[in-house]
Amino acid sequence: MKMEDELEKKEELEKSEESEKFEREEIFSRAVRAGKRTYFFDVKATRRNDLYVTITESKKRFNRDGRFYYEKHKIFLYKEDFDKFSEGLSEVVNFIKSSNNEPVENEEIKKPDADDTLVENYTNVEFEDLEEKKE
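Sequential numbering of the sequence shown, starting at 6, is according to our numbering.
No lab work stands behind these hints: they were computed from the structure.
Backbone N, C-alpha and C define an ideal beta-carbon position, used for all residues, glycine too.
Take the hints with a grain of salt, since some may be wrong.
[Claimed, not checked] No farther apart than 20 Å at their CA atoms in a straight line, the calculated lysine to any residue pairs in the SDA-like style are these:
hint, residue 1, residue 2
1, Lys-64, Ala-39
2, Lys-41, His-78
3, Lys-84, Arg-38
4, Lys-41, Lys-84
5, Lys-84, Thr-51
6, Lys-49, Phe-33
7, Lys-79, Phe-46
8, Lys-41, Tyr-57
9, Lys-79, Arg-38
10, Lys-89, Thr-43
[Unchecked claim] Restraint-style ranges between C-beta atoms, simulated for each label pair:
hint, residue 1, residue 2, range
11, Arg-69, Val-48, 35 to 43 Å
12, Gly-40, Gly-71, 20 to 28 Å
13, Asp-70, Ile-101, 23 to 31 Å
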């Protein structure tokens, strides 16, 4: 009986460690919807309780059979990289904001009108010309 009691205690300890790990892992989360994408910013903890960030981009996609799935891309950002990452991100965002380029949103492709099409090596064939050659 002693061995069974020890096994039960060990299992309970492992379960409590797993639940603590899960609770520790999810510290803070923020979802940002941006058009067809959703970005998730999650603060998590390592086993040593060091905090880090995961940034996940999620996009809804469709299979050929019409069923949807989520395509996800994830990066891990650790505490020692926060400053450099933040500086780099700020720099590129400020560059884009200060550029003269207008944001491209749902830009439609212009379909050419009949008058806009280029005609090269055009030969005008009339049906009357064909009939004359038969005679």
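*Structure versus earlier hints - violations, ascending order*: 3, 4, 8, 10 and 13
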